[in-house]
Structure formats: C-alpha cells, structure tokens
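Chemist: Below, each chain spelled out in residue letters.
Protein chains: 2
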Amino acid sequence: MEEYIGIDLGGTNVRVSKVNEAGVILQTVKGPSYGTEGPEIVMPNIIEMIKKIDNYQKCAGIGMGVPGPVDTARGIMCLSSNLYGFTGYPIVQHLQENFHMPVYLDNDANVAGLAEALVGAGKGMNIVYYVTISTGIGGALIANGRVVSGKNGFAGEIGNIVIDRNRPKINHLNAGASECEASGTAIVRKARERLPYATINHAGDVFALASNNDQNAIALVDEITTDLAYLFSIVAHVCDPFAFVIGGGVMKSKDLFLPLVVEKYKNLVHEGMRNTLFLEAQLDEPGVIGAAMLPLSMKG
Amino acid sequence: MEEYIGIDLGGTNVRVSKVNEAGVILQTVKGPSYGTEGPEIVMPNIIEMIKKIDNYQKCAGIGMGVPGPVDTARGIMCLSSNLYGFTGYPIVQHLQENFHMPVYLDNDANVAGLAEALVGAGKGMNIVYYVTISTGIGGALIANGRVVSGKNGFAGEIGNIVIDRNRPKINHLNAGASECEASGTAIVRKARERLPYATINHAGDVFALASNNDQNAIALVDEITTDLAYLFSIVAHVCDPFAFVIGGGVMKSKDLFLPLVVEKYKNLVHEGMRNTLFLEAQLDEPGVIGAAMLPLSMKG
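From first to last, the protein sequence lines are chains F and A. All the letters of the first sequence, read from the start, carry residue numbers 934 to 1233 under the numbering used here. All the letters of the second sequence, read from the start, carry residue numbers 934 to 1233 under the numbering used here.
Derived by calculation from the structure, the hints in this document are not laboratory data. Each hint should be verified, as a subset may be incorrect.
Identical copies look the same in the list; a pair holds intra-copy or inter-copy alike.
Keeping only pairs whose Cα atoms sit at most 35 Å apart, straight-line, the calculated DSBU-like set for lysine-lysine is [to be verified]:
{"hint": "1", "residue 1": "Lys-1187", "residue 2": "Lys-963"}
{"hint": "2", "residue 1": "Lys-991", "residue 2": "Lys-1232"}
{"hint": "3", "residue 1": "Lys-991", "residue 2": "Lys-1056"}
{"hint": "4", "residue 1": "Lys-963", "residue 2": "Lys-1185"}
{"hint": "5", "residue 1": "Lys-985", "residue 2": "Lys-963"}
{"hint": "6", "residue 1": "Lys-991", "residue 2": "Lys-1197"}
{"hint": "7", "residue 1": "Lys-1056", "residue 2": "Lys-963"}
{"hint": "8", "residue 1": "Lys-1232", "residue 2": "Lys-1056"}
{"hint": "9", "residue 1": "Lys-985", "residue 2": "Lys-1199"}
{"hint": "10", "residue 1": "Lys-991", "residue 2": "Lys-1102"}
{"hint": "11", "residue 1": "Lys-984", "residue 2": "Lys-1197"}
{"hint": "12", "residue 1": "Lys-1123", "residue 2": "Lys-1102"}
{"hint": "13", "residue 1": "Lys-1187", "residue 2": "Lys-984"}
{"hint": "14", "residue 1": "Lys-1197", "residue 2": "Lys-963"}
{"hint": "15", "residue 1": "Lys-1123", "residue 2": "Lys-991"}
{"hint": "16", "residue 1": "Lys-984", "residue 2": "Lys-1102"}
{"hint": "17", "residue 1": "Lys-1199", "residue 2": "Lys-1102"}
{"hint": "18", "residue 1": "Lys-1102", "residue 2": "Lys-1187"}
{"hint": "19", "residue 1": "Lys-985", "residue 2": "Lys-1056"}
The shape of chain F in the complex, shown without the other chains:
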C-alpha cells in the first residue's frame, strides 16, 4: 500500500502527516506555520518537517492544503489573506525541486472534501458535494475521485451564492449570500437581534432555545433551515451529488436542524432527486488526510 505526505498549512499552525492509501495517518509532525513571515521562512520550515517523517523519500507524492483559492494547474495560491506573501508563490515547484516526487496543491475545503469523498462519509460515491457550515459556509465538489477545483480555484465558494436577493448587504459577499444568512456567524448575529433576552454564544444556543419552544428561536430556525434548503437545492441542480457530506461546527446541533433542511430540500428539487443523502462528515483530520489524497487522486 502506497504512502503519501499530506500538509495542512494554516495561518497559525502547520501539520505534516504520512498517510496511507486507505486514509490512515501513520505519523504526524506539527508546529507553528510562521504564516506572517513569508514563504522564505514558511517553506524551509515545512521542508524540515517533511524530512522528520520516517522514510519520507519512499512516499509516492506530496499534497498540500492551503487557506485560499488555488490555481491547481500552476500550483500557486490565487489569493492569500492568511499567509503573508503567498499570492503567486510557486509552492508546488519549490517542493518538487526539493523532493523530486509528484506535488499537488488545493485549498483546505477542497482537500477536506476529497478526504471525505475517498475515505470518509462519501466513500464509494461517484459525486460528492462537501459542505462546511461554521464561521463561514464553504464547499467542495469531488467528481470521479477528483476535486473539481475550478478555473480560479473558486469552485465550492458556495458561501457567496445568493439564496434570497432581497436581503441587506452585510459584508463583502453578495447581499443575500448563504454565508451572510445561514453560517454560524449569521445565526448568532440574527439571534442577538431578534432574541435580545437570551444569551447567545454560538449557533447551538439558538437551536436549543427553539427545541425549548422559544417562538422567536423557532421562527429563526425556520428561516435558516429554509435558506439552507435553497442552498442545497441549488447545488443539487448543478451537479446532482450522490451525497452532501456536511461538516463544520454548526453540525454539533445537527439533530435540531438537519431534518428540517432535508424536508424542505425535498420540496425544492425534482421528485427524482429526493433521494440525495445528507451525511455528517466523519473524519477527525480531513485536512492532512485530504492533502495526502491529492497525488493519489491525480494518478491514472
């Protein structure tokens, strides 16, 4: 069974793992990423970490996930807001020159989705759409075992999809964008406006209040689950996945909102599409596992 190096690079921390074809993590090295100090510091640090992996020379390839859109053909980040100086930096070329093996790069949501599609909740399914609902809303399309990353690395940026154009503009995203209306951040924002008597620390508080029969919370949950149902129905009509695999912090309350979303989804799709599966993400470390799966997914 072949083994791969997966790298999960964030603005604060970086994790390097050796992962086998089945998605099992065999060894991990982790530490600070020095993300504010530029690629001249960040990259040599990663190279040293890779060299701490036993028999790293025998691995069949290297994959890396980064926080931001990626031009996968050129192996560069199109835009880097959390890693100083990385926009356009030749990450893939640099690693290839050091390790002389196949190297692939993609963004963190795509990499997590790939892990879930190949060895997680979507294993064995031909088309998987991964959705993460946490601070923001993001996603990833995995078709025939490969990430569909997009011309500019923006495939999966479903947080900017307008689910109702008649909403106020909140930030740089579109007015009525799903992330502005149904992310964890949006749920907290709306709850603080509409339930001033309640203490709202995170989205779970809203779902808990609704299940305790708070009428304002019930109305808010109805709005949010409707918005999410529109979002899922939109994605389904574009690519009709076998399953949505859903991760992110808001899924901690899945029993309190996901059945409502699925029920409403069924009314927004063609009858023949009502069998789409809605599955919870399974993996604890989708970042490094999915990164390691990148070279595997690109073979053949």
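Fit chain A to the known structure of chain F by using the hints.
Modeler: Quick look at chain A alone, frame taken from chain F:
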C-alpha cells in the same frame, strides 16, 4: 483515428452517425424514431439504422443521447416523458447484446455539452458548463473530459434553480426558477403581459424592441439579464468553470443581451472569478457528436 457511433434519439426523430475522435461526422442515417410506439419498435429500428453505417462493426463504441434524466451507471432512463415506455428500459444492455462493444447513455443536454467541451467552443478546457436557453433552460457540467451526470441524472437541471424566491409559481418548477423567469418561453410570456401593444413571436422580438428604445422592453431585458446573471453566478460558485458555453435559440440575439449578463455577472462573483469566459456554442450537430464522444470520454 478511432470512430464511434453516435445516436441522437428524440420523441419524433432519430439520427445515427459515425463520428471520428476529432468530432467529424463521417456518415449519417436519419428517420422517424417511432417514439410513441415503445422500445419494442424503437430499438429494432435503431439497430437497423446502425447496421446501415459502413463498417459499423469496426467502431470503438456506441453512445446515445435521450430526452430525459439518465442513470448512467445502469444505462437506463430514470424518467421518459417524450418516449413511451422507456422509463427503466435497459437501453445500454440491449445495444451491448447486439453489437458487443462499449455502449453509454446520457441525456441530450449532457451529450451536447460533452461535444462542445471536447470538440466545440470549450475545447481544451478542463471544466466547462454548457447552458442552453431556448424553450427551457438546461445545462451540463463537463469536468476533466467527462460528463458529471449525477446520482439521478439531474446534474445540469439548472432550469429549476430559484434565482428569486419572491416570484409567482408558474408551473411544476419552483417559484422563481430560472426557466420560469428567463427562458425563451418566459421572455415571450412576460413581454405579452407588459408590452400589449407589440407583436411578440419570440424572445428576439423583445431584444429588438429594447434596442429600438422601447422603455418597457428595456426594463424587461434588464430584469431578464439580471436573472440570468444570478443563475450564472450561482453555477460559477458551485464549480468555477473555465467557460460557460451557451446554446439555444435565445442566443440568436446574443449581441443584444449577453454583454449585459456578463457585466452583471461580474458584480455577483468574487473578483478572482471575473475572467470566466462566456462563449457561444459552435457545433451544428452537438447531439450525435456528443453521443459518439461518450465512449471516448469514458476510456482510461
């Protein structure tokens, strides 16, 4: 250069062509499909037509496009409204038993999109989203040279995507579905309501009136191009195609509406996505060419 048999089966007519790898049609046999008479009449007729193709035995595979959603793994139509008795009929199995070569089935929009992606306007591009705007609105996602058909064959059914939920329900599709708001049929319907003084035979009449400074027509074109911009931006955030390849009768007026759509699209996507190409479909016979490309696309 290998050659393939492509079959474009409609409710009224059927066309069988021999097509080479470059997408050049070498020979065509056409005739009525007998679509109301059931597969026991339709299929033997197609088999006889294939046998009229010179050296059909030497072709490397057969592909067929049909009007309706397809379960590509099982080689059956999930739903057949224009071909009597075809829901669940084992089309692929039947042709394989008769010709002993690879046989693939997909719906007509997916097949047309595949043709445009491989040998038409999207040639050489990794991810193409084909969109047809005519009586209805349909689409197809082609990624890495293959159709993404979907769990139930509904990938590309973008006519049912809600681009504004605050619209009346028109038919069996969602209220505010793109097809109800911006298809050729929808444009004619709205124009007859809002421009009662004008003779509207098709969507082109509305665009022509707008270019002649009819204020009601200008307002309608503004609405329709906004609705289409929302639709394209939604699809782009799901899969970030290199190009939208657009076909269908409404494209006859492309100079009068497509620049407006593209301008509005750019305000509805992330800055890094504004380079998406909007291309006109190129092929005269995408149906048979794309059908013939199905076995080619599934190799390797």
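Chemist: Determine for every hint whether it applies to the structure shown.
Modeler: The hints, checked one at a time:
no. : hint                  : result
1   : Lys-1187 <-> Lys-963  : within (31 Å within a copy, 54 Å between copies)
2   : Lys-991 <-> Lys-1232  : both (17 Å within a copy, 31 Å between copies)
3   : Lys-991 <-> Lys-1056  : within (26 Å within a copy, 38 Å between copies)
4   : Lys-963 <-> Lys-1185  : within (26 Å within a copy, 58 Å between copies)
5   : Lys-985 <-> Lys-963   : within (10 Å within a copy, 66 Å between copies)
6   : Lys-991 <-> Lys-1197  : neither (50 Å within a copy, 51 Å between copies)
7   : Lys-1056 <-> Lys-963  : within (27 Å within a copy, 43 Å between copies)
8   : Lys-1232 <-> Lys-1056 : both (18 Å within a copy, 23 Å between copies)
9   : Lys-985 <-> Lys-1199  : neither (50 Å within a copy, 46 Å between copies)
10  : Lys-991 <-> Lys-1102  : neither (51 Å within a copy, 61 Å between copies)
11  : Lys-984 <-> Lys-1197  : neither (50 Å within a copy, 49 Å between copies)
12  : Lys-1123 <-> Lys-1102 : both (14 Å within a copy, 29 Å between copies)
13  : Lys-1187 <-> Lys-984  : neither (40 Å within a copy, 57 Å between copies)
14  : Lys-1197 <-> Lys-963  : neither (42 Å within a copy, 45 Å between copies)
15  : Lys-1123 <-> Lys-991  : neither (52 Å within a copy, 65 Å between copies)
16  : Lys-984 <-> Lys-1102  : neither (48 Å within a copy, 61 Å between copies)
17  : Lys-1199 <-> Lys-1102 : both (29 Å within a copy, 17 Å between copies)
18  : Lys-1102 <-> Lys-1187 : both (28 Å within a copy, 31 Å between copies)
19  : Lys-985 <-> Lys-1056  : within (31 Å within a copy, 44 Å between copies)
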